[in-house]
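Sequences listed follow chains A, B and C, in order. Oh and the first sequence: position 168 is 168 in our numbering, straight run, nothing missing. Oh and the second sequence: position 12 is 12 in our numbering, straight run, nothing missing. Oh and the third sequence: position 240 is 240 in our numbering, straight run, nothing missing.
Hints were generated in silico from the structure; no laboratory data involved. Think of the CB as a built atom: it goes at the ideal place given N, C-alpha and C, for glycine as much as any other residue. Warning: the hint list may mix true and false statements.
[Stated by the list, open to error] Dumping the calculated SDA-like pairs for lysine to any residue here, alpha-carbon to alpha-carbon at most 20 Å: (1) A:Lys141 x C:Pro90; (2) B:Lys17 x B:Lys52; (3) A:Lys418 x A:Gly224; (4) B:Lys36 x A:Lys82; (5) A:Lys208 x A:Arg163; (6) C:Lys286 x A:Gln97; (7) B:Lys36 x A:His339; (8) A:Lys86 x C:Lys208; (9) A:Lys82 x C:Glu291; (10) A:Lys141 x C:Lys87; (11) C:Lys286 x A:Glu83; (12) B:Lys52 x B:Gly99; (13) A:Lys431 x A:Arg163; (14) C:Lys152 x A:Lys82; (15) B:Lys52 x A:Pro333; (16) A:Lys431 x C:Ser162.
[Unchecked claim] According to the in silico footprint, chain C covers these stretches of chain A (three or more CB under 8 Å from chain C): (17) 88–102; (18) 332–345.
[Claimed, not checked] Selected chain C positions facing chain A (in silico; Cβ < 8 Å): (19) Thr203; (20) Ala206; (21) Arg284; (22) Leu287.
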Amino acid sequence: MVPPILWRCLRTPPITHPLKPRPRLHNFTTTPPLSAKPLKPKGPPPSSKMKSGIQRTQSNKIRIKKEPIVAQKPAYEPGQRKELRKRIVLSNTNAIQVVLPTMTADLIGNEDAAGAMFALPSGEEDTTIDRLRALEAFQTKQHWPFFHRPCTLFRRETVEVGRLFERVMQRESTGEDGWANERAILHGYYGCGRTILLLQAMTWALQKDWVVIAIPNAQDLVIGHTEYELEGNSHLWLQKAYTTDLLNKILKANQKTLKRMKLSQSYRLGRIEEVQKGDAMKKVLETAVLDPLLAWDAFNVLLGELGLPGSPPVLFTLDNLNQISIPSKYRDPAFNVIHSHDLALPNTFLAYLSGKRSFHKGITLAATSSKCSRTLALDAALEGREVDPYERLDPRIGPSIEGAQIIHVDSLSKEEAKALMDYYSESGIMKDTVDLTTFNEKYAVSAGNPRDLFSTCLRMRQ
Amino acid sequence: MVNLYGVQIAENQLVHKALRSFFGIGHNVADRICAKFSIHKTARISQLTQPKVTAISSEMTKMVIDTELKRKIGDNIMRLKDIGTYRGKRHAQGLPVRGQKTKKQIVSARRFNRVSTHT
Amino acid sequence: MPLRTVFLQPSTLRTLPRYASFTPRLNPALIRGFASKDIPPPAPSKPVGPNQDVLPPVSEEAALTADIMGGTSPELEQGTPIGEMLKRDPAARQNAPKVLKETPGTKREYSTSATPIEPPPSDTPVDVVSSTAPASPPVSVDAFALTVPGAKYPLPQLPLPSCSHLKHRYSTLLEQVTNFIMIGGRKAKARSLVDQILAHLRTFPAPKPREGTPLLPGTPALSTLPLDPVQYLQTAIDSVSPLVKISMLKGGGGTKQPVPYPLRLRQRRRFALEWISAAADKKRDKLEFAERFADEVVAVVEGRSSAWEKRSQVHKLAVVSRANVIVNPGRTVAPSKIKFPMAVL
Chain A
1 MVPPILWRCL RTPPITHPLK PRPRLHNFTT TPPLSAKPLK PKGPPPSSKM KSGIQRTQSN
61 KIRIKKEPIV AQKPAYEPGQ RKELRKRIVL SNTNAIQVVL PTMTADLIGN EDAAGAMFAL
121 PSGEEDTTID RLRALEAFQT KQHWPFFHRP CTLFRRETVE VGRLFERVMQ RESTGEDGWA
181 NERAILHGYY GCGRTILLLQ AMTWALQKDW VVIAIPNAQD LVIGHTEYEL EGNSHLWLQK
241 AYTTDLLNKI LKANQKTLKR MKLSQSYRLG RIEEVQKGDA MKKVLETAVL DPLLAWDAFN
301 VLLGELGLPG SPPVLFTLDN LNQISIPSKY RDPAFNVIHS HDLALPNTFL AYLSGKRSFH
361 KGITLAATSS KCSRTLALDA ALEGREVDPY ERLDPRIGPS IEGAQIIHVD SLSKEEAKAL
421 MDYYSESGIM KDTVDLTTFN EKYAVSAGNP RDLFSTCLRM RQ
Chain B
1 MVNLYGVQIA ENQLVHKALR SFFGIGHNVA DRICAKFSIH KTARISQLTQ PKVTAISSEM
61 TKMVIDTELK RKIGDNIMRL KDIGTYRGKR HAQGLPVRGQ KTKKQIVSAR RFNRVSTHT
Chain C
1 MPLRTVFLQP STLRTLPRYA SFTPRLNPAL IRGFASKDIP PPAPSKPVGP NQDVLPPVSE
61 EAALTADIMG GTSPELEQGT PIGEMLKRDP AARQNAPKVL KETPGTKREY STSATPIEPP
121 PSDTPVDVVS STAPASPPVS VDAFALTVPG AKYPLPQLPL PSCSHLKHRY STLLEQVTNF
181 IMIGGRKAKA RSLVDQILAH LRTFPAPKPR EGTPLLPGTP ALSTLPLDPV QYLQTAIDSV
241 SPLVKISMLK GGGGTKQPVP YPLRLRQRRR FALEWISAAA DKKRDKLEFA ERFADEVVAV
301 VEGRSSAWEK RSQVHKLAVV SRANVIVNPG RTVAPSKIKF PMAVL
């Protein structure tokens, strides 16, 4: 119930401020519209150059013309950068050509040739360099792009590698039907030329029509970048994709020899495929390359056939041995680290290196690497020293290289360094004349290390 | 596109990264799943066979991940509130739970501390 | 593939001594040094010490003044007989200063003798003073053929070559390029980049000569450049480097005047490097910095780089605004400190 006095409050007129001007409100006006502007005639003005069809009928909104978004073309296609990174250039037309004798198979074990430069065989019909390329024997950062054509130095260690070849060939020529297997490891300081020695061995092997199987970088096997799966029977981990690549390389490099090899019995590849007795080995590999599931079986067939009498000699190489002496990056289903020796390919190579398996005639050659984390077990095994039981080293490493000859790759002798420097000078790479002072200086600075010698010769002091 | 655990995943994506896109799977768990099915580090979704994809999916159904995990976390907080704990009360108020000062800088608490966040 | 002859040695291909042709060498005949040969400086007749060039005695000065003004001059021949006055007058002896009281011949406590400065030995040739004079002739080998007894190697041949100093092993150009490339003080990284650039210059195809490319006179044949990458780099950089820079100075009435300033060698190279690297940065189709930079260096030598346009632009503006050049050799004030160019005022 509202008291009546409050209703009176509402009824009182609103209090107006005396100083505030009140708005003047008129309900209507009688003033004629004089101040208004006269109406414009419709249509465009006569002087306008605008087309009559287009009129600005719309309001004066700012119209921004949107440019269509152009999808930017990527600078590189997928895989193109890797290709550029891995590209190997073997020739430089700017450099001066040097006439050098060719590195032929006659030089195997020739001690007189030590300390001289030799050119790798190249010619119209000689495909040795292409086959070496297919085997990835050339590596980036090996100074090939500076010279007119690939040339190598014949070193004391090359003679020692040649001795391996000599021994196998001797057995071949005498007609003995025994087994001839040589196993060696190239070991030395950084940049001492182990990979180049492998290259030289491959050159000879290709010229002598051997079968060359090369694993160019063992790191690819263990860093966990390729497929892997467990094989039930042998409890080894297969890498089928990598094996397919490897077979591809073998096929490209050894076309002629593989064509001549005939199978001694029929084999079964995978579950369905079968190869008959008498087929060429090349055909087997060509089938296997197309299907990764057959790759491992085909590789085993190849190795098995090479172990039989009457098969061609083999050179089996692996670079960066250190990489397969440390735990791999793969894991088994129980999340334990897989030991590198449990991977099938390294296991096979080490079986040949330690003499558990053998070719009928062949050389197994490995090279250590300096670009690897510490491998104390391998170092101890290479030095052949007694292992302290308190040093907890990997017990599997020592037996894996047991019995292999260790070729110590040393720094260059003075004669070899002189030959190299003369070659650099003749190619126009090195500007200084090779006199006694310059030679002594560069030799002392590089300590006879081939990699350092090149960089000291290349860098110019002004 | 491949259907993995009910989610469409681009073909060219790394398996490891695709696994990590699920709530509740980090580097460690993804490593373990990959090791269980022998999948290498650089494998992409397109390289997996269909049985393997199914196996991974069924493996993931056994784990508590994604919405299931979120519901579980929400339930835990709900429980705290229901039994009348201090922590549950703070969650409901959107304030820091573990004794932080509340004079300033409690933005994260205001954002995340709710009872019904993960339901 | 055309094969080059084997007998062509790099030394025969080089027509000029390396780097000698690019240093601004001036003809000594055209330059007048501070001391010319024809007018030797007047040799001082007497060695002049620090305090010996003083005013004449008082009486001589007074005589000179009297000569000019026309008065009687004091007797110079006889002098003022102070000694006799002192002898005659005992009162004067008492008031005389201390120095006069003392009998001559006694030893002083301090030395007053001024040692004359040794004049330079007269047998030194005057040419040495001139900066453009060649260095002293090489000393004969026989003088240094001595071997220290018991030492393994003989003494080094003097003078030592410029590269023998540890900190100046490389050419000044390479040092400057290295420092230009360096970011954040990572010098080893910069050095390796420079090495990569030089390696790329070795392996890229030789530049094709193009008409109208104003390369420096004395550049060897372009086909020989890849075998000498430092010369290659130097040819490119020194050819595009501008001679002047344009600085906009405040003129009268709120305008700005373009004023060309001459540049030193190092400054010129700096400008060239700026332009080359700016042009190289635009190449997106190359993978690495070194490759891009080396490619641009080849482009400069072949005359298709945008650095040439920048150079000609600067030179054109310099020619147009040549009236504004500040000609004031005496002043060594930084250009930023000068308010108005003298020529404008």
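Right, here's what the structure says about each hint:
1. For a cut-off of 20 Å, the pair hint linking Lys141 of chain A to Pro90 of chain C is broken: about 107 Å separates their Cα positions.
2. At most 20 Å may separate the alpha-carbon atoms for a hinted pair to count; Lys17 of chain B and Lys52 of chain B meet this at roughly 16 Å.
3. Straight-line distance between C-alpha atoms of Lys418 of chain A and Gly224 of chain A comes to about 43 Å, which puts the hinted pair past the 20 Å bound.
4. Between Lys36 of chain B and Lys82 of chain A the CA atoms are separated by roughly 30 Å; this puts the pair beyond 20 Å, and the hint is violated.
5. With a CA separation close to 15 Å, the supplied pair Lys208 of chain A and Arg163 of chain A stays within the 20 Å bound.
6. With a CA separation close to 29 Å, the supplied pair Lys286 of chain C and Gln97 of chain A exceeds the 20 Å bound.
7. Taking the CA atoms of Lys36 of chain B and His339 of chain A, the gap is near 17 Å; set against the 20 Å cutoff, the hint holds.
8. About 29 Å separates the Cα atoms of Lys86 of chain A and Lys208 of chain C, which puts this hinted pair outside 20 Å; it is violated.
9. Of the pairs offered as hints, the one joining Lys82 of chain A and Glu291 of chain C holds, with about 16 Å between alpha carbons and a cut-off of 20 Å not exceeded.
10. With a C-alpha separation of about 105 Å, the suggested pairing of Lys141 of chain A with Lys87 of chain C is violated against the 20 Å cut-off.
11. For the given pair, Lys286 of chain C sits about 13 Å from Glu83 of chain A by alpha-carbon distance, which is consistent with the 20 Å threshold.
12. This hinted pair does not check out: Lys52 of chain B and Gly99 of chain B have alpha carbons roughly 47 Å apart, beyond 20 Å.
13. The straight-line distance between the Cα atoms of Lys431 of chain A and Arg163 of chain A is roughly 37 Å, outside the 20 Å bound, and the hint therefore fails.
14. A distance of roughly 52 Å separates the Cα atoms of Lys152 of chain C and Lys82 of chain A; the hinted pair therefore is violated under the 20 Å criterion.
15. In summary, the hint linking Lys52 of chain B to Pro333 of chain A is supported, as the alpha carbons are separated by about 14 Å, within the 20 Å threshold.
16. For the suggested pair Lys431 of chain A and Ser162 of chain C, the alpha carbons sit about 17 Å apart, so the restraint of at most 20 Å is met.
17. Counting residues of the region 88–102 of chain A whose beta-carbon sits less than 8 Å from any beta-carbon of chain C gives 9, enough to reach three: the coverage restraint holds.
18. With a cut-off of 8 Å between beta carbons, the region 332–345 of chain A has 0 residues touching chain C; three or more are needed, and the interface restraint is violated.
19. Taking 8 Å as the C-beta cut-off, the interface hint given for Thr203 of chain C holds, the closest approach to chain A being about 5 Å.
20. Checking Ala206 of chain C against chain A: minimum C-beta separation of about 6 Å stays under 8 Å; hint holds.
21. A least Cβ separation of about 6 Å between Arg284 of chain C and chain A falls short of the 8 Å threshold, and the interface hint therefore holds.
22. Proximity of Leu287 of chain C to chain A holds as hinted, the smallest CB-CB distance being about 6 Å (cut-off 8 Å).
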